[in-house]
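Asker: Listed below, chain by chain, are the residues.
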Amino acid sequence: MTYNSIQEILDICQNNKIPFWRVVLETDMRERAVCETESFETMRKMYRAMCEADSNYDKSLKSESGMTGGDGEKLHIYNMSGKNLCGEYVSLAMEKAVKMSESNACMRRIVAAPTAGACGVIPAVLLSYQELYHTEENKMVEAMFVSAGIGNVIAMNAYIAGASGGCQAEIGSASAMAAGALAYLEGGSNRQMANAMSFALKNMLGLVCDPVCGLVEVPCVKRNSAGAVNAIASAQLAMAGIESAIKPDDVIDAMRRIGNSMPSELKETGQGGLAATESAEKIRKAIEL
Amino acid sequence: MSIFDIIGPVMVGPSSSHTAGAVRIGLVARRLLDEDIRSAEILLYGSFLATGKGHGTQKALVAGLLGMKPDDYRIPDSIKIAEERGMAVSFGEAALKEAHPNTAQIKLVGVTGKELEVIGESLGGSRINIAQIDGIETNFSGDNPTLIVHNLDQPGHVSEVTSMLAHKSVNVAAMQLYRSSRGGRAVMVVECDQEIPADGLKWLERIEGVLKVTYLGKNEGDK
Ligand code: SF4
Numbered sequence: 000m001t002y003n004s005i006q007e008i009l010d011i012c013q014n015n016k017i018p019f020w021r022v023v024l025e026t027d028m029r030e031r032a033v034c035e036t037e038s039f040e041t042m043r044k045m046y047r048a049m050c051e052a053d054s055n056y057d058k059s060l061k062s063e064s065g066m067t068g069g070d071g072e073k074l075h076i077y078n079m080s081g082k083n084l085c086g087e088y089v090s091l092a093m094e095k096a097v098k099m100s101e102s103n104a105c106m107r108r109i110v111a112a113p114t115a116g117a118c119g120v121i122p123a124v125l126l127s128y129q130e131l132y133h134t135e136e137n138k139m140v141e142a143m144f145v146s147a148g149i150g151n152v153i154a155m156n157a158y159i160a161g162a163s164g165g166c167q168a169e170i171g172s173a174s175a176m177a178a179g180a181l182a183y184l185e186g187g188s189n190r191q192m193a194n195a196m197s198f199a200l201k202n203m204l205g206l207v208c209d210p211v212c213g214l215v216e217v218p219c220v221k222r223n224s225a226g227a228v229n230a231i232a233s234a235q236l237a238m239a240g241i242e243s244a245i246k247p248d249d250v251i252d253a254m255r256r257i258g259n260s261m262p263s264e265l266k267e268t269g270q271g272g273l274a275a276t277e278s279a280e281k282i283r284k285a286i287e288l
Numbered sequence: 000m001s002i003f004d005i006i007g008p009v010m011v012g013p014s015s016s017h018t019a020g021a022v023r024i025g026l027v028a029r030r031l032l033d034e035d036i037r038s039a040e041i042l043l044y045g046s047f048l049a050t051g052k053g054h055g056t057q058k059a060l061v062a063g064l065l066g067m068k069p070d071d072y073r074i075p076d077s078i079k080i081a082e083e084r085g086m087a088v089s090f091g092e093a094a095l096k097e098a099h100p101n102t103a104q105i106k107l108v109g110v111t112g113k114e115l116e117v118i119g120e121s122l123g124g125s126r127i128n129i130a131q132i133d134g135i136e137t138n139f140s141g142d143n144p145t146l147i148v149h150n151l152d153q154p155g156h157v158s159e160v161t162s163m164l165a166h167k168s169v170n171v172a173a174m175q176l177y178r179s180s181r182g183g184r185a186v187m188v189v190e191c192d193q194e195i196p197a198d199g200l201k202w203l204e205r206i207e208g209v210l211k212v213t214y215l216g217k218n219e220g221d222k
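Protein sequence lines, in the order shown, are assigned to chains A and B. Per numbering that gives the first Met the number 0, residue 0 is the first one in the first sequence, and the count goes up by one each step. Per numbering that gives the first Met the number 0, residue 0 is the first one in the second sequence, and the count goes up by one each step.
Treat the hints with caution; some may be incorrect.
[Claimed, not checked] List of simulated lysine-lysine pairs, BS3-like, C-alpha gap at most 30 Å: (1) B:Lys-79 <-> A:Lys-58; (2) B:Lys-217 <-> A:Lys-281; (3) A:Lys-58 <-> A:Lys-246; (4) A:Lys-44 <-> B:Lys-106; (5) A:Lys-44 <-> B:Lys-211; (6) A:Lys-221 <-> B:Lys-217; (7) A:Lys-61 <-> A:Lys-44.
Simulated from the structure, these hints should not be mistaken for lab results. As the structure is a computational prediction, the values presented were derived from the model and not from experiment.
Extracted from the complex, chain A is given alone in its bound form (with noise of 0.2 Å):
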């Protein structure tokens, strides 16, 4: 039992009569040689360093460079102020997420899932599930396992870093992990975690990596937002019943060859989008580095 594709772990999960974070603990077990414990116990390690880094989070805390700090607490407060925008739910994930992302600019602890710039998605949607439901941990542990094992085939079969596909590589695949476990969470099919994995990531197909300066902080904080939203957006198109017209494997597929199409400008070197313009030429200046 080993996977390669979504596809597979769908196959194994039906001939085996077990669910999908199943499949991904075992492989996981036989891969490093540990029993079931050890594998569950680290990916509770895992989720209690990502709440613990929620946790964390200073307000006070500003960026190297100066460019970041403090918009967690803004989105915090606009939240308590009752006026947000977005519901309860949305409104939590986004403020976590841009929470998380500074305190990654800001040289604290995270958990890189799947990369550091993109550290704030898969907590932010997870986080605020539990602290709104009250979830128990044991299954946000299986929802972690869903998500690894989604990021595990794209980073098989595509990229998961910006400087190899681009953002949609980075955040894209952050926000897909993110939506196929809100659908287990939710108590969705094994097809619906496909599907809402599948609208997660083509919904970010062809985003440029453009950070200014080369810094993972603009765009990057923000990203994480729209990631988080884009994820729980993905898992409600699932939950409703709609169907994604391209397989989960294709639309990875896909991303790949789009990332392999994209100029090394628009890879996390700092030279394209965002980067080269004439904002972010001022922000060089000022900053100096």
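Starting from the known structure of chain A, arrange chain B with the ligand on it as the hints suggest.
Answerer: Coordinates of chain B with the ligand only, in the frame set by chain A:
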């Protein structure tokens, strides 16, 4: 690739290559020196040089040299901590040609006067490669127990090393040989599946023609 390369590692941000990878380069350099550091000259190249400041690359390298791991929350304060511990640190530009874009050249002097020069590359994710030790090319990550033997380029040294390992029931995962010139200085880099016992290392040190034995054990010691 393990799922904990996808979810994880737990690390201090902002960048797995420019921060976490840099910590690991510093840490491996420190473990190679195998004693506290009196002074460190850190020279940066490529993207490490261009975007290192904003990514905390310098702080990360110093943190590693102090024995910290990539998830140590003290990384942002490493330069101050180095000062407190009496470790002198200086930074500059590395005069390298066509090196990997994320490269650091580190020159260390230990508290006993022992010297070491390491060139490390951060490959992406938080994976690293040690590309040079004391001017001689190498290629290893430091993920496995690694034995590095500097010796005179004479017949017999390879078999001395491998027979010691066989005697200690240590399996070789990968072995590389490099030399500066024929009959000059050579380096053997042996990555192993098991730890090498200390008496085996002592035995190697006593062999004629062996100039230096460095061992990188598995446990990434924190101080
Ligand atoms: S723009 Fe690039 S660096 Fe920023 S989050 Fe996206 S992929 Fe990462």
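Asker: For every hint, state whether the structure bears it out.
Answerer: Taking the hints in turn, this is what the structure says about them:
no.	hint	result
1	B:Lys-79 <-> A:Lys-58	holds (23 Å)
2	B:Lys-217 <-> A:Lys-281	violated (47 Å)
3	A:Lys-58 <-> A:Lys-246	violated (42 Å)
4	A:Lys-44 <-> B:Lys-106	violated (36 Å)
5	A:Lys-44 <-> B:Lys-211	violated (40 Å)
6	A:Lys-221 <-> B:Lys-217	violated (39 Å)
7	A:Lys-61 <-> A:Lys-44	holds (27 Å)
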